[in-house]
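J.: Add chain B to chain A, keeping to what the hints say.
Chains as they are written, first to last, in the numbering used here: chain A, 317 to 545; chain B, 317 to 545.
Since the hints were made in silico from the structure, they are not lab data.
There may be inaccurate statements among the hints.
Stated by the list, open to error - Below are the PhoX-like pairs computed for lysine-lysine, each with C-alpha atoms no more than 20 Å apart in a straight line:
no.: 1; chain 1: A; residue 1: Lys485; chain 2: B; residue 2: Lys437
no.: 2; chain 1: A; residue 1: Lys437; chain 2: B; residue 2: Lys489
no.: 3; chain 1: B; residue 1: Lys485; chain 2: A; residue 2: Lys437
no.: 4; chain 1: A; residue 1: Lys489; chain 2: B; residue 2: Lys436
no.: 5; chain 1: B; residue 1: Lys434; chain 2: A; residue 2: Lys485
no.: 6; chain 1: A; residue 1: Lys436; chain 2: B; residue 2: Lys485
Number of protein chains: 2
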Amino acid sequence: SILAAVTDLLNPRRPLAGRHAIVTSGPTQEPIDPVRYIANRSSGRQGHAIAAALAGLGARVTLVSGPVAQPDPPHVEVVRVETADAMLDAVRRALPADIAVFAAAVADWRVEQASVHKLKKTPGAAPPALVLAPNPDILATIAAGTPRPRLVVGFAAETDDVEANAAAKRVRKGADWIVANDVSPATGIMGGAENAVSIVSADGIEEWPRLPKDEVARRLARRIAAALA
Amino acid sequence: SILAAVTDLLNPRRPLAGRHAIVTSGPTQEPIDPVRYIANRSSGRQGHAIAAALAGLGARVTLVSGPVAQPDPPHVEVVRVETADAMLDAVRRALPADIAVFAAAVADWRVEQASVHKLKKTPGAAPPALVLAPNPDILATIAAGTPRPRLVVGFAAETDDVEANAAAKRVRKGADWIVANDVSPATGIMGGAENAVSIVSADGIEEWPRLPKDEVARRLARRIAAALA
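The following block holds chain A by itself, in its conformation from the complex:
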């Protein structure tokens, strides 16, 4: 009802009421043949938690997710995809949006000619060479596209020079913010329950302490609500 909508908009606990957020999460899988694929490591925990946190602040949320074992967050529309191409299509179909958070670990490359038949291992023969082709850059495409979400947030999973790489990525991709994290195996962040991120914006770099991924998500959602207020 109109009354409920107005109440929602005035409710300080639902500051994102009336906003549409698109969140991507999980890995993408790029087929080599019917049984093999290339993928990025990603549990989808952080992306799914962000979708849940944005919904918790009242946003209508479309979550575009690669293959993950996470349960669907409540009150979120989930679109399941496999490849980077399909993820970009699903994000485009979900536009327009006020907020886009690209937390998925999209494979940078796909196999140029995926085989319809299972590649056979021939005893004694050399392994096949995989010719890779670049995948679409979802963050850069949406940040440069029309209609552009008002706030475009990318992620940078790095193992070296985390903040410098993230700051360069923010400019190169046309994102408003980059959430940067160190995914070196020693950190245990990949697949773990905690995350230690820095928020890179035009204003500089804000380092957050190591926190549960749910708490990182809630902080990020509150910061997004403040930016759009």
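T.: Relative to chain A, chain B alone:
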């Protein structure tokens, strides 16, 4: 107790009491760099169901599993691994065994030089070429090794000439049986709840109807118990 052990051995509903079975399940993941990997599609459903079914017939079961979202089957010791090398190690450490069922979808190849640092996507530059190296052949290695399990069962996931490929594989690998199935995308078997398999042995080929994966597992466990009786 000795009494319980004797009762177990004489119990017609626990015909595998006193036997040790090793089962592999799920995919293996072969790292490209800290965030990327090559894998085979495999939900682990069929392998986990086989482990549960063998335990249900009284066997002591060691389940060596790649990364899957399946819950651990009850009364089964689960060893988690990531790569084919680690899976072979875990199987070797679990020997001796009476029964070995290799249901995992082991990656045939790994990346020869996995990078410790995340490969960077350089704008304008060609994608990296991945040089692949053959992985150890777990089925052939265990079937030819010492101590050899009395019954060695392999799987053949094929998209073409399923039974002919499986029969050739049985001989080439030194397996006693091959469980062959057609994983063409149109079958919906990959990741699905049902399976349609053929059992290839020295006696010939036995085609089973399309059945829930749990029921395929129970039939296979009963057939294994009969073979060892």
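J.: Taking the hints in turn, state whether each one holds.
T.: Against the structure, the hints:
For the hint pairing Lys485 of chain A with Lys437 of chain B, the CA-to-CA distance comes to about 11 Å; that is within 20 Å, so the pair holds. Of the supplied pair hints, the one linking Lys437 of chain A and Lys489 of chain B holds, its CA atoms being roughly 13 Å apart against a limit of 20 Å. Between Lys485 of chain B and Lys437 of chain A the alpha-carbon distance is near 11 Å, which keeps this suggested pair within the 20 Å criterion. Using a Cα cut-off of 20 Å, the hinted pair Lys489 of chain A and Lys436 of chain B holds, with the two alpha carbons roughly 15 Å apart.
Between the alpha carbons of Lys434 of chain B and Lys485 of chain A the distance comes to roughly 15 Å, so the proposed pair stays at or under 20 Å and holds. For the proposed pair Lys436 of chain A and Lys485 of chain B, the alpha carbon gap of about 12 Å is at most 20 Å, so the pair holds.
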